[in-house]
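Chains A and B, in that order, are what the protein sequence lines are.
Counting from 1, one number per residue, gives the positions in the first sequence under the numbering used here.
Counting from 1, one number per residue, gives the positions in the second sequence under the numbering used here.
Keep in mind that the hints are not guaranteed to be accurate.
Going by beta-carbon spacing under 8 Å, a handful of chain A positions derived as facing chain B [unchecked claim]:
| # | residue |
| --- | --- |
| 1 | Arg125 |
| 2 | Asp286 |
| 3 | Val288 |
| 4 | Glu663 |
| 5 | Thr668 |
| 6 | Asp672 |
| 7 | Tyr708 |
| 8 | Asp716 |
| 9 | Leu720 |
| 10 | Asp726 |
| 11 | Leu728 |
| 12 | Pro730 |
| 13 | His733 |
| 14 | Trp795 |
Quick list of in silico lysine-lysine cross-link-like pairs, DSSO-like style, CA-CA up to 30 Å [to be verified]:
| # | chain 1 | residue 1 | chain 2 | residue 2 |
| --- | --- | --- | --- | --- |
| 15 | A | Lys275 | B | Lys2 |
| 16 | B | Lys32 | B | Lys2 |
| 17 | A | Lys44 | B | Lys2 |
The hints are simulated quantities; they were obtained by calculation from the structure and are not laboratory data.
Glycine residues also receive a C-beta, built at the ideal position from the N, C-alpha and C atoms.
Residues per chain, in single letters:
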Amino acid sequence: MTSTIPKLPQDMPVTSPRYVGKEVKRIEDPGLVTGRTEFIDNLKLPGMAHAAILRTPHPHARIIRVDASAAEQLPGVVAVLTGEDIKRWCNVGATSPEGWGSTPMAVEKVRFVGEPVAAVAAISRYVAEDALELIEVEYELLEAVTNPEEAQAPNAPKLFEHNASNVILDRNYTWGDVDRVFAEADHVYTEKFRWNRVGANPMETSGCVCQWDVVNNSLTCYGSYQTPGFIALGRAASLNLPSNRVKVVAHPHGGSFGGKGGPRGTDIAALLSRKADGKPVKYIEDRVEYLLAGAGQSWDRYYQASLAVKADGTLVGLKVNLVDDQGAGAEGYGTISAAKPLAAFTGCYTIEAAQYDLKLVATNRAPTYPYRGYGPPPHNFVLESMVDIAARDLGMDAAQIRRMNYIAPDQFPYTIPSGNEYDSGRYEVVLDKVIAMANYREMRELQVKARTEGRLLGIGIVNTVEPGVFDWNAYSTVGVPGVGVPEGVKVSIDILGQITVTVGFALEGQGQYTLAAQLVADYFGVEMESVRVTYASTDIAPPHFGHGGSRLGVAISGAIMGACNKIEEKFRLVSAALMQCEPEQIELMDGHLRVKGMPGAEMHIAQVAGTMLGRSDLLPPGMEPCPEASFVWTAPDRNEPDEQGRCKSYLTAANACHIAMVEVDRDTGVTDVLKYFIVDDCGTRLNPATVEGQIQGGVAQGVGAVLYEEYVYAADGQPLVSLFSDYLLPGIHEVPMTEKGALETPSPVTPLGAKGCGEGAIHTTPATIMCAINDAIHPLGIQITETPASPNRLWQLLQEVR
Amino acid sequence: MKPAPFDYYAPETLEQAVALLEKLENEDVDAKIIAGGQSLMPMLNLRMARPDALVDLGKIKTLDYIRQENGTIVIGAMTSKRAAEDSTLLRDRQPLLHAATGHIGHRQIRNQGTVGGSFAHADPAAEYGAVAQALGMEMVVVGPDGERIIPADEFYLSFLTTDIDATEVLTEVRAPIMPDNTGWAFQEVCRRKGDLAMAGTAVTLRLEAGSCAEVVIAVFGVNATAARLPEAEQVVNGQAPGEAIFAQAGEAAAAALDEPIADVHATADYRRSLIATLVKRCLAEAVERCA
Ligand SMILES: Cc1cc2nc3c(=O)[nH]c(=O)nc-3n(C[C@H](O)[C@H](O)[C@H](O)COP(=O)(O)OP(=O)(O)OC[C@H]3O[C@@H](n4cnc5c(N)ncnc54)[C@H](O)[C@@H]3O)c2cc1C
Numbered sequence: 001m002t003s004t005i006p007k008l009p010q011d012m013p014v015t016s017p018r019y020v021g022k023e024v025k026r027i028e029d030p031g032l033v034t035g036r037t038e039f040i041d042n043l044k045l046p047g048m049a050h051a052a053i054l055r056t057p058h059p060h061a062r063i064i065r066v067d068a069s070a071a072e073q074l075p076g077v078v079a080v081l082t083g084e085d086i087k088r089w090c091n092v093g094a095t096s097p098e099g100w101g102s103t104p105m106a107v108e109k110v111r112f113v114g115e116p117v118a119a120v121a122a123i124s125r126y127v128a129e130d131a132l133e134l135i136e137v138e139y140e141l142l143e144a145v146t147n148p149e150e151a152q153a154p155n156a157p158k159l160f161e162h163n164a165s166n167v168i169l170d171r172n173y174t175w176g177d178v179d180r181v182f183a184e185a186d187h188v189y190t191e192k193f194r195w196n197r198v199g200a201n202p203m204e205t206s207g208c209v210c211q212w213d214v215v216n217n218s219l220t221c222y223g224s225y226q227t228p229g230f231i232a233l234g235r236a237a238s239l240n241l242p243s244n245r246v247k248v249v250a251h252p253h254g255g256s257f258g259g260k261g262g263p264r265g266t267d268i269a270a271l272l273s274r275k276a277d278g279k280p281v282k283y284i285e286d287r288v289e290y291l292l293a294g295a296g297q298s299w300d301r302y303y304q305a306s307l308a309v310k311a312d313g314t315l316v317g318l319k320v321n322l323v324d325d326q327g328a329g330a331e332g333y334g335t336i337s338a339a340k341p342l343a344a345f346t347g348c349y350t351i352e353a354a355q356y357d358l359k360l361v362a363t364n365r366a367p368t369y370p371y372r373g374y375g376p377p378p379h380n381f382v383l384e385s386m387v388d389i390a391a392r393d394l395g396m397d398a399a400q401i402r403r404m405n406y407i408a409p410d411q412f413p414y415t416i417p418s419g420n421e422y423d424s425g426r427y428e429v430v431l432d433k434v435i436a437m438a439n440y441r442e443m444r445e446l447q448v449k450a451r452t453e454g455r456l457l458g459i460g461i462v463n464t465v466e467p468g469v470f471d472w473n474a475y476s477t478v479g480v481p482g483v484g485v486p487e488g489v490k491v492s493i494d495i496l497g498q499i500t501v502t503v504g505f506a507l508e509g510q511g512q513y514t515l516a517a518q519l520v521a522d523y524f525g526v527e528m529e530s531v532r533v534t535y536a537s538t539d540i541a542p543p544h545f546g547h548g549g550s551r552l553g554v555a556i557s558g559a560i561m562g563a564c565n566k567i568e569e570k571f572r573l574v575s576a577a578l579m580q581c582e583p584e585q586i587e588l589m590d591g592h593l594r595v596k597g598m599p600g601a602e603m604h605i606a607q608v609a610g611t612m613l614g615r616s617d618l619l620p621p622g623m624e625p626c627p628e629a630s631f632v633w634t635a636p637d638r639n640e641p642d643e644q645g646r647c648k649s650y651l652t653a654a655n656a657c658h659i660a661m662v663e664v665d666r667d668t669g670v671t672d673v674l675k676y677f678i679v680d681d682c683g684t685r686l687n688p689a690t691v692e693g694q695i696q697g698g699v700a701q702g703v704g705a706v707l708y709e710e711y712v713y714a715a716d717g718q719p720l721v722s723l724f725s726d727y728l729l730p731g732i733h734e735v736p737m738t739e740k741g742a743l744e745t746p747s748p749v750t751p752l753g754a755k756g757c758g759e760g761a762i763h764t765t766p767a768t769i770m771c772a773i774n775d776a777i778h779p780l781g782i783q784i785t786e787t788p789a790s791p792n793r794l795w796q797l798l799q800e801v802r
Numbered sequence: 001m002k003p004a005p006f007d008y009y010a011p012e013t014l015e016q017a018v019a020l021l022e023k024l025e026n027e028d029v030d031a032k033i034i035a036g037g038q039s040l041m042p043m044l045n046l047r048m049a050r051p052d053a054l055v056d057l058g059k060i061k062t063l064d065y066i067r068q069e070n071g072t073i074v075i076g077a078m079t080s081k082r083a084a085e086d087s088t089l090l091r092d093r094q095p096l097l098h099a100a101t102g103h104i105g106h107r108q109i110r111n112q113g114t115v116g117g118s119f120a121h122a123d124p125a126a127e128y129g130a131v132a133q134a135l136g137m138e139m140v141v142v143g144p145d146g147e148r149i150i151p152a153d154e155f156y157l158s159f160l161t162t163d164i165d166a167t168e169v170l171t172e173v174r175a176p177i178m179p180d181n182t183g184w185a186f187q188e189v190c191r192r193k194g195d196l197a198m199a200g201t202a203v204t205l206r207l208e209a210g211s212c213a214e215v216v217i218a219v220f221g222v223n224a225t226a227a228r229l230p231e232a233e234q235v236v237n238g239q240a241p242g243e244a245i246f247a248q249a250g251e252a253a254a255a256a257l258d259e260p261i262a263d264v265h266a267t268a269d270y271r272r273s274l275i276a277t278l279v280k281r282c283l284a285e286a287v288e289r290c291a
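This is chain A alone, in the form it adopts within the complex (with noise of 0.2 Å):
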């Protein structure tokens, strides 16, 4: 049986879609807005202890002694954990690339500060902290290396002793004739940025209630996991145990933007309850120890970069020297991090040749892992801010200079220097639409009265190429093991023709579970109320992968198109041997079985499904009474990377323009964003208040990274930001209600023609904002080079030239 996925979503099975493309409501919110959804926090199993984790005040240390005995004594106080258990017990993540990877607690060194060295499971969170004072730990402190020129030094303390240095990976990509493109080129700029650790924050932080079965030497994980298959996985390699012995619970989570990655409280969670025999044991990570050595930092980077210019602005060549500094080792997926820009690296240009120098180093701040978007945001700040540069330099203006260098609409599918395929664009109707919305003409007049006036008022017009839908092989170019990413649900019919689907991700906020139910709802023509999403743990969920890489609203598409297909394809041949007609005569249109061209020749669907559980007799012969069906969809088409590191990793390439205004307090260095504007085209909008939502959400988090956020590291490595007064989010105050508009191009290798849309936000708001500050100051003869752009930092340039 081969299965057709609809290309469009009038190719659906229905006279006219009802939920799909329309705002629906969200089946998620009732649950969460009366406070009925099950975060973890909420979870008490009888029995459960409760975790605390003691974490290292010091940034490099060999541990000498750890004596636990007095914590030991504690009342209430059910197991301890050290480094000896964890010597015995388990093995190096094996997420990291060969030689880089760490245990979840320190056995012989620490190498950032919060990396835990202890961890006690007591009667309740109260006690455990009371008896984690009583935890002597004695240490040989060691020198710290706190950025990559330090950890680069002949002669640094090395992180990791069995390896040569501290340099995780250096190596050079190069795409096309470098050499001769910049030679031949009238103008190369080239500029040096920094981009300061910013990190995932979700509401909540990381949690889990873990019981080990000391019987069948299993393990259950109940948390607030992104990508539960892949999380059971990981615990199994890392704690020793067969990978169908660890069953994942995920739980819906208040947010996770990647930084539900950190899997060191579940490991320390789970063998806290396996030296407690068995007790449940619950961890519920605080924000001191998020801020401080969750999964919450990423991309601390040094650029430089070079763009090579034809005189009449034609963009030809880009160069980008990154020295990554990924903190103590590569555990999470930090790596991957610098490999992702690879999808887009000459972002919606006919840049024809290209050069990537990437080294990532290790230093002892913490590790850093994934976070929304991936590594795009400051690559993306990069090139657009070098674009800016030479529209300045050649008196074009900013939207000049991007609409002559777009990859045109027929020029699709379009593969860049880099190796990634884009499918689809329309990058220039994009252009004319914000241009429109915004009034783009009045912006620039407004600008020259201001400046008439000595205000600093700036426009930042920004445009990005968003990769949705990655795949297994986008990261292999970087030493991380490929894991497939497969997105599989079941879709069941019950005997009433009542509507199940199940999927193995939970509940982050993204709305995938009213996505499923206006996909169910419209291919049988039922109502959406009555189709319900329901969540299987990894023991028993098909395989899936869950959020990740703008991917799993496309994903999801397809494994509900592919089931509900097979579903279809069953009901044409149980109609058919009903209705004494051929299969071929049949077709599903608006939830009914119809035989072509015989008005009222028909069957509900539900009648189908009741037919085939109650009487199998009535089935033809050979017939399963199964009405339902499982898919697992996977992109097609995705290939091997070469030697380059070029592959056609992520499926789709959606496209955004951002056009900001920005006032400057010259006095103050305060930015206040006045307008924002945005149009997107992610292909099919399925639903487009999701789509508003993600936009939004992503320009809340591009005005932190760009304004607000960095974690802050003395020179002794010791974090200056454990709170939220310190790690500043932006609040509706200070993210600007955006004006957006669409355009919709669909993808023509997806379900239903939607591409990736979760990320594409937050990879321009930080270029456009940092370009439009750019704007507003370059007049003074300056330009910031360094997110965020503070109030002190931008007053310090500003001071320059009072």
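Model the placement of chain B with the ligand on the given structure of chain A, informed by the hints.
Same frame as chain A, but now just chain B with the ligand:
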């Protein structure tokens, strides 16, 4: 992030509270008053404060009021900042104190946090510190020996430290009614709305025959305590209002500061510069209010 163990007391009258504080002090028990908890709870949870006992003032109903008494606005210590924000009496008769209240944290924090707590906590970046200095407010404390009235310039001793004794309760704060012909201004620079300010300024002044008079300039967020800056006030007193003289006052204010606080948000130099700007801008705004 859970507090270390402590004993908890919730007296129902001021007398009980004071007696309890005295008893605990005599028994060498380290006791701490808790009001709205908006500053103390985080410190307890981080185990940065670890008192043996908490004395909760929440059950004492007699300390929640905003009244006018003669020429003075009096506010009970347990009045919520939200009530102060919503008070039309405060808005009309002491607009500087009222305006400053709106800058303290967020609505949720003002709901729970008390007016007295903000004074007693003495955060260097607390808006009320500058208001107290600018208006010459008075704090009323009650202890085993009865009532004491402490003027603002004796109340704030240092970073998070006031003249309130361990056995005393702050019961009331008093601010003079703003005279009709007085211009005022309150401005601060925060990273985000509701954050503790990197620097802030409160100004009051009058115009007499076209010249500035009775100029008061107080700043906060930059030194260990909020402070009045007579050096800057002098620059403007007796002068016709104008951008140049205000800028000069700003420079004088910046120069008069102790070495400012430095943190991840603002260097000392930046804070100093912010004071110069804010003083200049507040003077202009206050003059505009005189008109
Ligand atoms: C997110 C956030 C933002 C904030 N932003 C600001 C801001 O911008 N500006 C600002 O000024 N503050 C800010 N705060 C602090 C807030 O204003 C606190 O409410 C206030 O500082 C303390 O008042 P409280 O009633 O909560 O006192 P508590 O936290 O209960 O107590 C604070 C201290 O005062 C003492 N105390 C309280 N009442 C009395 C009394 N009657 N007699 C003697 N001692 C007493 C306590 O012992 C304790 O030491 C912020 C707080 C938060 C959480």
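**Structure versus earlier hints, numbers of those that do not hold, lowest first** = Failing hints, ascending: 4, 6, 8.
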